[in-house]
Each structure stands twice: as C-alpha cells, then as structure tokens.
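**Student:** Residue numbers (the working numbering), protein chains in the order written: chain A, 21 to 438; chain B, 21 to 438.
Derived from the structure by calculation, the hints contain no laboratory data.
Among the hints, erroneous ones may be present.
Each pair may be met inside one copy or between any two copies, as identical chains are not told apart.
[Claimed, not checked] BS3-like cross-link-like pairs, simulated, lysine-lysine; straight-line CA separation at most 27 Å: (1) K327 <-> K91; (2) K87 <-> K33; (3) K33 <-> K189; (4) K76 <-> K91; (5) K76 <-> K87; (6) K52 <-> K87; (7) K423 <-> K357; (8) K327 <-> K76.
None of the values given here were measured: they were computed from a predicted structure.
Single-letter residue listing:
Protein chains: 2
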Amino acid sequence: MTKVNGFILNAQKLLSSRARTLNPSAIREIFKYTGVGGIISLAGGYPDPNLFPYDKVKESVNAALDKYGPKMLQYSSTQGVPEFLDYLRWFMREREGCHHCDEEALMVVSASQQALSLLAQVLIDPGDIVIVEEPTYVGGLVAFRAMQARFVGVPLDEDGIRIDILEQKLRKHRAKGDPVKAIYTIPTFHNPAGYTMSIDRRRRLVELAQEYNVLIIEDDPYGYLVYEGERPPTVKSFDTGAVVIYLTTFSKTLIPGYRLGFAVGHPDIIRKMVVAKQAADLCTSAFVQYATLEYMQRGYFDEHIAKLREAYGQKLQAMLQSLEHHFSDIEGVVWSKPKGGFFVWMTLPEWVDTYEMFKYAVDAGVVYVYGSAFYPYPELGKRNTLRLNFSLPTPEQIEEGIKRLRQAYERYKADKGR
Amino acid sequence: MTKVNGFILNAQKLLSSRARTLNPSAIREIFKYTGVGGIISLAGGYPDPNLFPYDKVKESVNAALDKYGPKMLQYSSTQGVPEFLDYLRWFMREREGCHHCDEEALMVVSASQQALSLLAQVLIDPGDIVIVEEPTYVGGLVAFRAMQARFVGVPLDEDGIRIDILEQKLRKHRAKGDPVKAIYTIPTFHNPAGYTMSIDRRRRLVELAQEYNVLIIEDDPYGYLVYEGERPPTVKSFDTGAVVIYLTTFSKTLIPGYRLGFAVGHPDIIRKMVVAKQAADLCTSAFVQYATLEYMQRGYFDEHIAKLREAYGQKLQAMLQSLEHHFSDIEGVVWSKPKGGFFVWMTLPEWVDTYEMFKYAVDAGVVYVYGSAFYPYPELGKRNTLRLNFSLPTPEQIEEGIKRLRQAYERYKADKGR
Numbered sequence: 021m022t023k024v025n026g027f028i029l030n031a032q033k034l035l036s037s038r039a040r041t042l043n044p045s046a047i048r049e050i051f052k053y054t055g056v057g058g059i060i061s062l063a064g065g066y067p068d069p070n071l072f073p074y075d076k077v078k079e080s081v082n083a084a085l086d087k088y089g090p091k092m093l094q095y096s097s098t099q100g101v102p103e104f105l106d107y108l109r110w111f112m113r114e115r116e117g118c119h120h121c122d123e124e125a126l127m128v129v130s131a132s133q134q135a136l137s138l139l140a141q142v143l144i145d146p147g148d149i150v151i152v153e154e155p156t157y158v159g160g161l162v163a164f165r166a167m168q169a170r171f172v173g174v175p176l177d178e179d180g181i182r183i184d185i186l187e188q189k190l191r192k193h194r195a196k197g198d199p200v201k202a203i204y205t206i207p208t209f210h211n212p213a214g215y216t217m218s219i220d221r222r223r224r225l226v227e228l229a230q231e232y233n234v235l236i237i238e239d240d241p242y243g244y245l246v247y248e249g250e251r252p253p254t255v256k257s258f259d260t261g262a263v264v265i266y267l268t269t270f271s272k273t274l275i276p277g278y279r280l281g282f283a284v285g286h287p288d289i290i291r292k293m294v295v296a297k298q299a300a301d302l303c304t305s306a307f308v309q310y311a312t313l314e315y316m317q318r319g320y321f322d323e324h325i326a327k328l329r330e331a332y333g334q335k336l337q338a339m340l341q342s343l344e345h346h347f348s349d350i351e352g353v354v355w356s357k358p359k360g361g362f363f364v365w366m367t368l369p370e371w372v373d374t375y376e377m378f379k380y381a382v383d384a385g386v387v388y389v390y391g392s393a394f395y396p397y398p399e400l401g402k403r404n405t406l407r408l409n410f411s412l413p414t415p416e417q418i419e420e421g422i423k424r425l426r427q428a429y430e431r432y433k434a435d436k437g438r
Numbered sequence: 021m022t023k024v025n026g027f028i029l030n031a032q033k034l035l036s037s038r039a040r041t042l043n044p045s046a047i048r049e050i051f052k053y054t055g056v057g058g059i060i061s062l063a064g065g066y067p068d069p070n071l072f073p074y075d076k077v078k079e080s081v082n083a084a085l086d087k088y089g090p091k092m093l094q095y096s097s098t099q100g101v102p103e104f105l106d107y108l109r110w111f112m113r114e115r116e117g118c119h120h121c122d123e124e125a126l127m128v129v130s131a132s133q134q135a136l137s138l139l140a141q142v143l144i145d146p147g148d149i150v151i152v153e154e155p156t157y158v159g160g161l162v163a164f165r166a167m168q169a170r171f172v173g174v175p176l177d178e179d180g181i182r183i184d185i186l187e188q189k190l191r192k193h194r195a196k197g198d199p200v201k202a203i204y205t206i207p208t209f210h211n212p213a214g215y216t217m218s219i220d221r222r223r224r225l226v227e228l229a230q231e232y233n234v235l236i237i238e239d240d241p242y243g244y245l246v247y248e249g250e251r252p253p254t255v256k257s258f259d260t261g262a263v264v265i266y267l268t269t270f271s272k273t274l275i276p277g278y279r280l281g282f283a284v285g286h287p288d289i290i291r292k293m294v295v296a297k298q299a300a301d302l303c304t305s306a307f308v309q310y311a312t313l314e315y316m317q318r319g320y321f322d323e324h325i326a327k328l329r330e331a332y333g334q335k336l337q338a339m340l341q342s343l344e345h346h347f348s349d350i351e352g353v354v355w356s357k358p359k360g361g362f363f364v365w366m367t368l369p370e371w372v373d374t375y376e377m378f379k380y381a382v383d384a385g386v387v388y389v390y391g392s393a394f395y396p397y398p399e400l401g402k403r404n405t406l407r408l409n410f411s412l413p414t415p416e417q418i419e420e421g422i423k424r425l426r427q428a429y430e431r432y433k434a435d436k437g438r
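So here's chain A without its partners, still in its complex pose (with noise of 0.2 Å):
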C-alpha cells in the first residue's frame, strides 16, 4: 500500500470542510518565545501564578471532598450539579442584584471558552453574523469561526463600542434581511483593548438588542478585577427582556486549572445549550464544581478578589508608568489607561506594522501580541497597535520590558529609513 505522510491512511481525504479551515491561532505562534531564556513575555493572558490561592484551594478541596464523599467524584447533570446551581442564582440575585436572573435559566461549563462554543453551535448557520468589538478576544472569534459565522466589526473607543456606528451596522443589515445572530461583547476592562463600555452605552445597547432582536454575548471574565474606582454595573444587570446572555469564569478571580464558569440568560437558548454540552463533554467535573462552592461558601472568594485588586494594580501603575516613560516622547503613540483587568492597548505611528516589528522585539528581548490578531478580518486590522499583558511578568519585567520595545521600535525605525 502507498503511503501518505508515513502512514496508511489517507486522513486528508477524510477531514471536513471545517478542519480545513481550522488553523492554530497567530497568538499560539508567539507563545514559543514565551519561556526563552531572557525573554520577557508582555504577550500572554496568563494570571500571575505566584497569586494563586493555593492553600485556600488545598484546604476548599479538602473539605469539600469531606463534606459531599463520593458525590464529588460521580457525573454531574449536564446543567451542574444542584447545590453549586443554586448558589450561582443566589450569586447572581444577591450579589449581583440579577433579579430577574431567576426567571431566567443558568448552567454550568467548562469556562466561558466552551459557553462561546456552545452558543456557536446553538445560533449560528454557516454565513450568519455576529458583530463583535474591534479589536475582540481571540477565543470569541475562534468559537464562531468553528461554525462558519461571518464577522461584522464596530470599532471602540474610550467608552466602548461605538453605539452610533453598531445603530448603523444593525438598520442596514436588517434592511438587507442578513441573519445577524448576535453581539459578541466584552464590556469591561476588555481584552485587548483595556477600555470599559460606559453606563449610557450598556442602556442603549439592551435597548437596541431589544429593538433588532439580537443577542448580546457580554463577556466578562475581568469584571472583578477592578484596580481604581468601583465595578461598573453589568449590562447585563440593564436587562430585563432576557436579552442578554451572561458568561464568566473563575479562570481570573479563582484559578484558570479549574476549567470552571457559567452562562445565565433566556431558557430557549440555555436550554439548547445544555444539549450541546451533553454532545460536547456530558457534563462539567463535578469535583471542581463542589470544591469551587466549598470555596465560595467559606467567603475566600472576596478575600482573594481584594489581593488580586492590590497586586495586579500595582502590575497596572508598572505598566503606565513604564509607558510614559520610555513613549510619552513620540508624536502619535498612545495607549489605553484601563482601570482593571489583564491588559493595555497601544497604538503606534500609522506607518508602523507591528508584524513586521515583532522580530526586532525578540531581538531586544521582549514580546507582545500585535493587534491585527484581534481583528475578525486581520488583513483588515490596524497594523499599527499591539497588546501588552501586565498580569503575568514582575514590575520589574514591566518596566525592563516597555525598555525593550523602545528599542525594537527605534531599530525597526532606522531599518525603516524613518
């Protein structure tokens, strides 16, 4: 028998036409730098491991396999288990002041990844829309890709998504009669651009929901991690016609090992969901479930929250400082000042491509991601912006490595003949 790529079978001939399409990310690329000796990684998403609340996970496992036995070791029921459903509703209610929540329905999963995965599944025919935020997560963007979604983009600003131009987007699409399913949105302290959506706009983007029959997607895994004022409320907590579907994780307020979050909104969706979950995994691991509840119910959940808020700020003012030190000099260079989260925005002189310069940054030393990842259509993104992660590296890394990318820029400059 003839061989192909040394073995029998001939798996090209079987993939489907979706696998073809399926690529590793542009940002798993750059991760290979990550860990090279003398790199200073300023690229990755990663919380700061050495803030991992390690004793109180060990002590929350403890008692909980204490408490539930073998239960915690059983399958769980697609949505959760019951005891973690019912303090998530009471989260939402109390905490969050979601009354409404409870007419709606809530489910576990394996974070909030696989809640974008799963709504890709549940909304989207191949060539429907999602609008998403330019620039957008990454992981948003490869969840409805999966399942053959076309992208429509409205750029940020300070204050968000630019709600006059996503008017615009849904009026023409809706007199065109496009599918357009959903907005895909991350409203606070948001990845990658820093930015929080204001109070007047998350009003307005229920209303408009409201009016289009459109979906909003609010993402928020950063909403917590607040380092100068007060949370901003949710837009979700605008909604009271089950517009909105809210997804979080404990990925950044607890430990990303846990693979652990939740989705709450209108049941015809939630529902569906569910069913996909059974298709997709059958359930969330009980074990972590019952041993993220025993945490919660034991109050460290706060108490971490305040730690994380005090590190990663001082990580944040690094950052900024740093910035304004070493690029505070060059005409047109700018960069968010976010008030929480894991990110920094920044946009460069308009003949910059941060592609291209990403080789004279590892030469000096340092990575980022440049921000055409970020973008729907890359070839279509601003290829002047790039961004900076200050979660996962020391201050000191911060400052060195803001060091680093003046120089690469000031090579890259000179090579460029500017």
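With chain A's structure known, arrange chain B on it following the hints.
**Tutor:** Showing chain B alone in chain A's frame:
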C-alpha cells in the same frame, strides 16, 4: 413590546438549524425515575460510587498539589500537560504494547465524549456517513448527529460487528461514491450490547479500513473491566497504518467526576482535534491531569482495577443468575453473557415493544433503557430489545429488579392478550 414565552427576546428566531434538531436524548427522560422512592434503576450507566477510590483520590490530589504546586492550578496546553502526555505515551507503549503509537499523536480530552465531539467536528460535513454498530452508544450518535452526519448501521452478533455485512456496505457506498468517513466501534464489552469483538474480526476490521481509507474510531471505556478471562487486545494493537483513533476515559476505571480521557492516532487528525479543542474549551483541567498522573504513578490504577473486577464481576453474576432464574422459561428470550463492562442486552419475543412495556416496568418498580434508543434511527431499531445495567445496583437490587421485570412482562403480555 410584545413578549414571546414571557420575554422580549424572540429566541426561537435566533436558533441555528443545528439547534432545532438538538433535543434532550430519550434516555434522559428515563432518568427522572431514577431515585424515585422504591424504583430500582437498571437504566443508567453510572459506576458504583461505593467503589470509588475515595481515599486514594484524596491522597493523590494532595500529593500532586505538594509536588506540582501552582502549575497544577494554571492553564494547560491544549494538548495536555507535558508530564501527563509523557506518561500516557509510556502507558500506551509499555502497558498496551502499542509501539507504533509513538509515531502517532496523543492528546488529553475532557473524557471520551469530548473526543467524539471533536472527531465529529473535524470529520463530518453535513450528510457525510459514519458507520455505526447496531445497537451503539447514544453519546456517539449524539456527537455525530450534532454535525449532521448520516448513519449506516451494521448489526452485531456475539462476536461483535458483522464484518461480512460491513464489507458489503463499504463496497456499496464506495461504488456510489458516498463519503464514508469513519467506522465507530466499541469492540470490548460493548455498550449497550455487552458483546466483545473476536480477534479475527479485529484484524479484518483494520484491513478493511486500510483498503477503503476509512477511519476506525475505537471507543474503549470498559476494556479494563474484565470479569472472566483476559482483557482482549485492542483493535489499535493490530493497526500499523494509523487507521485507528483509540479513545479511552478514566470515567469507569477511576472516577467520572474528573472528566478525563485521551485519544491517540493519526497526527493529521489529532492535530485538527487539538485546534478544535482550542475553540471548544481551550484545555482540560491541569488540576485533574496532575492528580490523575500522581494517582497512576503511585500504582493505584492496577490496585483499584483489581477491586473493580471483583465487585462488578459479582454484580454481573447476580444479573446473569437472576435472568436465568426469572426468564429462562420463556421461549424467544435471550440475553448477552458479557465477560466485562457494565451492561447486558436482552431480546424479548418478537411481539414485544419495550417502549410500550416501559410503563408496566415503572408500575412494577423497575426501569431499563428500551433498545430502540441505541439505534441511529430509533424508529428502525429492534423494538423487542432492552439494556440492563448491573454496575450501579447491589446484587440484591439486581435480583429484585429482574423479578419485577418479569412481573412487568407478564402484565404487559396479559394486556396485549398474548
């Protein structure tokens, strides 16, 4: 604004065509009787929580936390944490004798159901064919159906899939130019049928897959749970051309609560599955991977399997003896005599419809799963079949349950005027 189902959003208008076909499985309906006072469930497929290695899980979780520290709480790479991947490669080579597995690719999944879902995504365009055993595992059907596969069924006998009929069907569909992508098989201690594929058929299956360039998906959750004789060699062990993707899960051999399994096979397919997993849930819990690694390295896997074989073997004997006792006098009643796994498959006289008989069973205080649920097109399934589970009930409950099943049969028979 008008409201639909009590909400402003008209969610029905936003669902994908896929979502419209996603409905809770028939089996789920049965489970509402589980735990109802006095009803004995022979329906589910849960392992016995009294047999969970509770103390050893607790011990290995704590030992792993001590050994691996915060990296147990961090994100994992999508393919799996490196130490666990290395261990599983060793396991496949040294324990399973799969030396060619080293040239192939291996990935961690959030239990086998996720592997099935990822395979469906990377193989199936709407209308593509998956060959399945009749009957087969419902979760497999659900995963492939979610990607709009067409099914071609091949019947089983006591030696597993009818290889002669499989060959006819492969020939027929090749002649028609139909896109046959995969053969989905549970060769060892089949769910729901309890049968085990003969060695000769395993060899021949691999030859046919090579000849027709079709992927074999070998689902092996029960292989280690052998109660009589030796564990048969996997189909994978006969595969030197990478035509088999081998899937297994720790749900039955350790605990379901971890949601952990792995897949090994052709690198072109596993690599696409890894990309699909990025979109599906980013990664499997590092916590669970390190805890399982520690559990296995401490030698608890084999020790626990020995205990399970003993205990489940007794339950199987209880079921076979009860069936002999209560049903051997009825002409046309047969049942499988499995040597491992969780299930016995029962065939009643031709005139019986086990779906119709189900309410008589509930009245008599016992539940089972009617056989038609395990057919790709239930309306074409054998209506006189049912599945009995012996892993969860006690030997006493099994005896009482089978006795009640006979009572249900008698009342049903009387009402049918037989």
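**Student:** Should K327 paired with K91 be assigned to within, between, both, or neither, using CA atoms and 27 Å as the limit?
**Tutor:** Classified as between; 19 Å across copies, 32 Å inside a copy.
**Student:** State whether the alpha carbon distance between K33 and K189 is at most 27 Å within one copy, between copies, both, or neither.
**Tutor:** Only across copies: K33 and K189 sit 19 Å apart there, 40 Å inside one copy, limit 27 Å.
**Student:** How do K52 and K87 come out at 27 Å by Cα distance, when the copy is not named: within, between, both, or neither?
**Tutor:** For K52 and K87, the Cα distance is within 27 Å only across copies (25 Å; inside one copy 42 Å).
**Student:** Under a CA distance limit of 27 Å, which applies to K423 and K357: within one copy, between copies, both, or neither?
**Tutor:** within (18 Å within a copy, 72 Å between copies)
**Student:** Between K76 and K87, at a C-alpha cutoff of 27 Å, which is it: within one copy, between copies, both, or neither?
**Tutor:** both (16 Å within a copy, 17 Å between copies)
**Student:** Is it within, between, both, or neither for K327 and K76, if the alpha carbons may be no more than 27 Å apart?
**Tutor:** within (13 Å within a copy, 33 Å between copies)
**Student:** Under a CA distance limit of 27 Å, which applies to K76 and K91: within one copy, between copies, both, or neither?
**Tutor:** both (21 Å within a copy, 15 Å between copies)
**Student:** How do K87 and K33 come out at 27 Å by Cα distance, when the copy is not named: within, between, both, or neither?
**Tutor:** Neither way: K87 and K33 sit 52 Å apart in one copy and 44 Å across, limit 27 Å.
Consistency with the previously given hints fails for number 2 only.
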